[in-house]
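If you read the sequences in order, they're chains L and Z.
Quick note on the numbering used here: the first sequence kicks off at 12 and runs consecutively.
Quick note on the numbering used here: the second sequence kicks off at 419 and runs consecutively.
To be clear, the hints were calculated from the coordinates, so they are not data collected in a lab.
Errors might be hidden in some of the hints.
No farther apart than 30 Å at their CA atoms in a straight line, the calculated lysine-lysine pairs in the DSS-like style are these [to be verified]:
(1) L:K64 / Z:K442
(2) L:K64 / Z:K491
(3) L:K23 / Z:K579
(4) L:K27 / Z:K587
(5) Z:K587 / L:K23
(6) Z:K579 / L:K27
(7) L:K64 / Z:K476
For reference, the chains in residue letters:
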Amino acid sequence: MQWDNAVSNEEKPNEKARAIRARQRAIGRELRRMYDDVAQEPVPDDFLDLLRKIDDAEDARTGKKVS
Amino acid sequence: MVGSSPMRQHVESGHKDDGDGDFKSELLALIPFLRAFARSLTGNQEGADDLAQETLVKAWQSRATFIPGTNLKAWLFTILRNQFYSDRRRAWRQAPWDQDAAERIPGGGEDQIFSAQLSDTARALRVLSDEQREALILVGAGGFSYEDAAAICKCAVGTVKSRVARARKALIEILDGDDTLEGVQRPAEGDAAREIMAQLDRLAPPGTGDTGGKRRPK
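Here chain Z stands alone, though its shape is the one from the complex:
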């Protein structure tokens, strides 16, 4: 390194220094929005902050692929969204026997407890499909254009528009219908399922339950 081309290296590192400094301060300024988007995807604080931090690291590692002058916020949100789905896919692979539990990751059991403290709208949001929820949040709360939201969600602009419209309609139906919220409002079903699993775990003699230790919440 030192011998070959000190001049060029000097110029490059000087340039990199300035660019990286700017990039990092822009990252810093966008952290609040990353946290907000992450929270809306995961539905819980701890999982959301883990996700937002993973996003920061990924963004920093990939900073060379960011095109200056383009929308950094949308670029970061794309990374965060990819990370969210890939984390969840990994959770599925690790726990294929209990998809419900995997769906609650990141967040685990806290999701249910947390949802009891949420507003009706926040709970209704959890009932929407992932696709509808993310589209509605990006456009309706995050202030993204349909075009940017489409880029973040990797789909057509028309698809985003129809997802947002369907999400809005569904939210009204959920909020004003009340029935659909029951499952989210009261964690009865999930608790019953966990209780059954816990009982099965207790019944199984030690060492024979192959689904036992890993999944069981402490």
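So that you can see chain L by itself, here it is in the shape it has in the complex:
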């Protein structure tokens, strides 16, 4: 919004371009933050259970000893 004011009317085109780039960067940071927030959450137990089940199923299938 403040950006709108800054680039309105007779601002130089390169200033406008700079403002847009700054805005792009801010949005880029926000996108990465959203993504990283999820990626940094501890992995829910469901997922670990699932991998354990895969293990068990594999052991059962191959008849391998559980070590």
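Take the given structure of chain L and dock chain Z to it, following the hints.
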């Protein structure tokens, strides 16, 4: 099995054991990123985690087709993306009369509630087309090269580049224009539609509504 070629079987299973163990620990390490990508596709946590788990199972079942030394993360993301679209296509087939509802699956009604708690950027992301959103997330947040993103999205590198550029431009317009966010910000329209459907359901005598029971949220 036991009789035919014990030697060969022994060697094979030994090899498989090592490879599978490595594969599984790499899977484990990549779960956080699968969850993050899934969240950005579905826009809600529960649907995203279901999707990420489906992806793990699919990946495990298809592990023989993974070429060691290639990008496992990109391979997993490809599976996740395929799964996302095939789940949604299935949802469409199951509910052809209510495409809007199908589009919210996975996630159902929660999507709307959840979106009220999201940041502006997160909400603006929901307004983008699927193609633009996934390209922007992969390149802009996931750190994938345009080439890897193109492989994941099964399109040309130039296509990814232009989708990312258009997505960035659209996000600015949405965020700074404000109008476009209205629909996402306030779930008024969706609620109105659901309310109308609920009223129709109530009006219909029991047993006559063929679109009734299955779709109606509990």
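Hints versus structure:
The suggested pairing of L:K64 with Z:K442 holds, with an alpha-carbon distance near 12 Å, which does not exceed 30 Å. Straight-line distance between C-alpha atoms of L:K64 and Z:K491 comes to about 22 Å, which keeps the hinted pair within the 30 Å bound. Under the criterion of a C-alpha separation no larger than 30 Å, the hint pairing L:K23 with Z:K579 is consistent with the structure, at around 28 Å. Distance check on the hinted pair: L:K27 and Z:K587 sit about 14 Å apart at the alpha-carbon level, within 30 Å; holds.
With a C-alpha separation of about 20 Å, the suggested pairing of Z:K587 with L:K23 holds against the 30 Å cut-off. Restraint check for Z:K579 and L:K27: the C-alpha separation of about 23 Å stays at or below 30 Å, so the hint holds. For the suggested pair L:K64 and Z:K476, the alpha carbons sit about 14 Å apart, so the restraint of at most 30 Å is met.
In this structure, none of the earlier numbered hints is contradicted; all agree with it.
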